[in-house]
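Q: Chain by chain, the residues run as shown.
There are 2 protein chains.
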Amino acid sequence: MPLPDRGLDYGDGLFETMPIIDGNIPWLSYHLERLQDGLLKLGFHSEAHSPVRDYIRTALDDRRLTGVMRLTVTRGAGMRGYAPPEPARPTYIVQISCADSAGQPELPPAHVDLCSVTLARQPLLAGIKHLNRLEQVLAAKERQQKGLDEMLMTDTSGSAVSVISGNLFLLNGNQLLTPTLTDCGILGTRRRLVLDELAPTLGLDCLQVAMTAADLESADEAFYCNSLRGYQPIGRYGDRRWRRHRIALRLQELYRERLLTCAA
Amino acid sequence: MPLPDRGLDYGDGLFETMPIIDGNIPWLSYHLERLQDGLLKLGFHSEAHSPVRDYIRTALDDRRLTGVMRLTVTRGAGMRGYAPPEPARPTYIVQISCADSAGQPELPPAHVDLCSVTLARQPLLAGIKHLNRLEQVLAAKERQQKGLDEMLMTDTSGSAVSVISGNLFLLNGNQLLTPTLTDCGILGTRRRLVLDELAPTLGLDCLQVAMTAADLESADEAFYCNSLRGYQPIGRYGDRRWRRHRIALRLQELYRERLLTCAA
Chain F
1 MPLPDRGLDY
11 GDGLFETMPI
21 IDGNIPWLSY
31 HLERLQDGLL
41 KLGFHSEAHS
51 PVRDYIRTAL
61 DDRRLTGVMR
71 LTVTRGAGMR
81 GYAPPEPARP
91 TYIVQISCAD
101 SAGQPELPPA
111 HVDLCSVTLA
121 RQPLLAGIKH
131 LNRLEQVLAA
141 KERQQKGLDE
151 MLMTDTSGSA
161 VSVISGNLFL
171 LNGNQLLTPT
181 LTDCGILGTR
191 RRLVLDELAP
201 TLGLDCLQVA
211 MTAADLESAD
221 EAFYCNSLRG
231 YQPIGRYGDR
241 RWRRHRIALR
251 LQELYRERLL
261 TCAA
Chain G
1 MPLPDRGLDY
11 GDGLFETMPI
21 IDGNIPWLSY
31 HLERLQDGLL
41 KLGFHSEAHS
51 PVRDYIRTAL
61 DDRRLTGVMR
71 LTVTRGAGMR
81 GYAPPEPARP
91 TYIVQISCAD
101 SAGQPELPPA
111 HVDLCSVTLA
121 RQPLLAGIKH
131 LNRLEQVLAA
141 KERQQKGLDE
151 MLMTDTSGSA
161 VSVISGNLFL
171 LNGNQLLTPT
181 LTDCGILGTR
191 RRLVLDELAP
201 TLGLDCLQVA
211 MTAADLESAD
221 EAFYCNSLRG
231 YQPIGRYGDR
241 RWRRHRIALR
251 LQELYRERLL
261 TCAA
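So the protein sequences, as listed, match chains F and G.
Each residue of the first sequence is one higher than the one before, starting from 1 at the first, in this note's numbering.
Each residue of the second sequence is one higher than the one before, starting from 1 at the first, in this note's numbering.
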């Protein structure tokens, strides 16, 4: 990559990580809409989004790949200093890694614990998938050291936000609850899929609410989701154990069906 | 730069921006100590710092350059995902741009106003000069649009932290006050120089305190500092104007003398 680039200099940009299944990216429009939202929030010029779909198509190039694509869009080169160039000429980077499968791996229920790294509250950057991810790096280091599958992340005021690499859902009776993400966190594409389609299909009410770590302990079921892991039940959090994962398993089933339709 | 690199992927790294005067970097040890502190806080391995001095020396290469050096240290390549590789092999990037002068330009007193972008409070990342700088990018965009020299940045709870690219000092009587930076902000090298040397030389008490935007308005004098601008008096903040800049001008004088000694 040619330097200087504001993506490296300041994390001035956005990214998307997307499974590729047999040459297709499922729910690509969700990824592109989140990217577009991020470009607007960071004040990129209005055409920054236009070539993205073409770059993705060219990279997939009709090969029936299975794996992962990372798309990164930065504000490109600029003068020294924080102020962005006007107009900026964005840098677009498409990276593909191949894999045997993608989308919804078969994994045992996750062992999760509370992370000591708390997320700073910054409404201006909440929801979007920008390149400033040091909090997640520090959290993932802790997860690794503790040998856990995932960790629950709260913000500096004690609200539950997500796991490190995915969105959190709790089941209470017939209600599916997920944290509102107005102060921090990322609006995940598979979170949106639950809200838009999967919860209604399963006859569940899905609500975005404020919640705490204690709400996780008292939930009937709990799971998290992201584009590479699909829907993963949580089997253990601290001393709490769940043996039934009725909703997560039904979501997995529904999701696998949809993935097959995408790849067809 | 070879990709993938965690510096671009997540802003997983640190940087220093340093003036070069006639082949020398003044207060290089302050920059290197802050970098070392950052490497520790981000959990880089303990030898990550060792080659830095050699890279800088090689880049300066006995040429009597004047300009600016940016040193970037990232956590290098890694597997996909937030978790850092163990051990990581850091990437070191030295970029030099030449200039006619460096250190303490002659500028009129700055026109400053309050920035609408507030800084998130994240004690884990406070003080160090890491690569996650989107807040500063958004703030600098606002500064540019408003045609101001600098902007006062407060945090999300209303405490004054700094200007966008420098540390803030207020004079009240014989006391020099600067914000404590435990929740956000960068521990600037020229801030440290005031605390360690310049304030005592001028017979001033220098205190790190909590302060608000209102404290700036009521100050006898105000200035900010960074390594490329030295000590810059604030001439105007909102409706408040200052015509005397006794302390900032004395600091400039003292600082220019020290810069000459460095370059000798």
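No lab work stands behind these hints, which were simulated from the structure alone.
Incorrect hints may appear among the rest.
For identical chains, the list gives no copy identity; a pair is met inside one copy or between any two copies.
In silico DMTMM-like links for lysine to aspartate or glutamate, alpha-carbon gap of 20 Å or less [said to hold, decoys possible]:
1. Lys146 x Glu106
2. Lys141 x Asp22
3. Lys129 x Glu86
4. Lys141 x Asp5
5. Lys141 x Glu86
6. Lys129 x Glu257
7. Lys41 x Asp215
8. Lys129 x Asp5
9. Lys146 x Asp239
10. Lys146 x Glu86
11. Lys129 x Asp37
12. Lys141 x Asp37
13. Lys41 x Asp61
14. Lys141 x Glu47
15. Lys129 x Glu47
16. Lys141 x Glu253
17. Lys141 x Glu106
18. Lys41 x Glu142
Q: Indicate, hint by hint, whether the structure satisfies it.
A: Here is how each hint holds up against the structure:
no.	hint	in the structure
1	Lys146 x Glu106	neither (22 Å within a copy, 54 Å between copies)
2	Lys141 x Asp22	neither (32 Å within a copy, 42 Å between copies)
3	Lys129 x Glu86	neither (23 Å within a copy, 25 Å between copies)
4	Lys141 x Asp5	between (27 Å within a copy, 17 Å between copies)
5	Lys141 x Glu86	between (37 Å within a copy, 10 Å between copies)
6	Lys129 x Glu257	neither (27 Å within a copy, 47 Å between copies)
7	Lys41 x Asp215	neither (31 Å within a copy, 31 Å between copies)
8	Lys129 x Asp5	both (18 Å within a copy, 17 Å between copies)
9	Lys146 x Asp239	within (15 Å within a copy, 54 Å between copies)
10	Lys146 x Glu86	between (45 Å within a copy, 14 Å between copies)
11	Lys129 x Asp37	within (9 Å within a copy, 28 Å between copies)
12	Lys141 x Asp37	between (29 Å within a copy, 18 Å between copies)
13	Lys41 x Asp61	neither (31 Å within a copy, 43 Å between copies)
14	Lys141 x Glu47	between (37 Å within a copy, 18 Å between copies)
15	Lys129 x Glu47	within (19 Å within a copy, 32 Å between copies)
16	Lys141 x Glu253	neither (32 Å within a copy, 46 Å between copies)
17	Lys141 x Glu106	neither (24 Å within a copy, 46 Å between copies)
18	Lys41 x Glu142	between (30 Å within a copy, 13 Å between copies)
Hints 1, 2, 3, 6, 7, 13, 16 and 17 from the earlier list are contradicted by this structure; the remaining hints agree with it.
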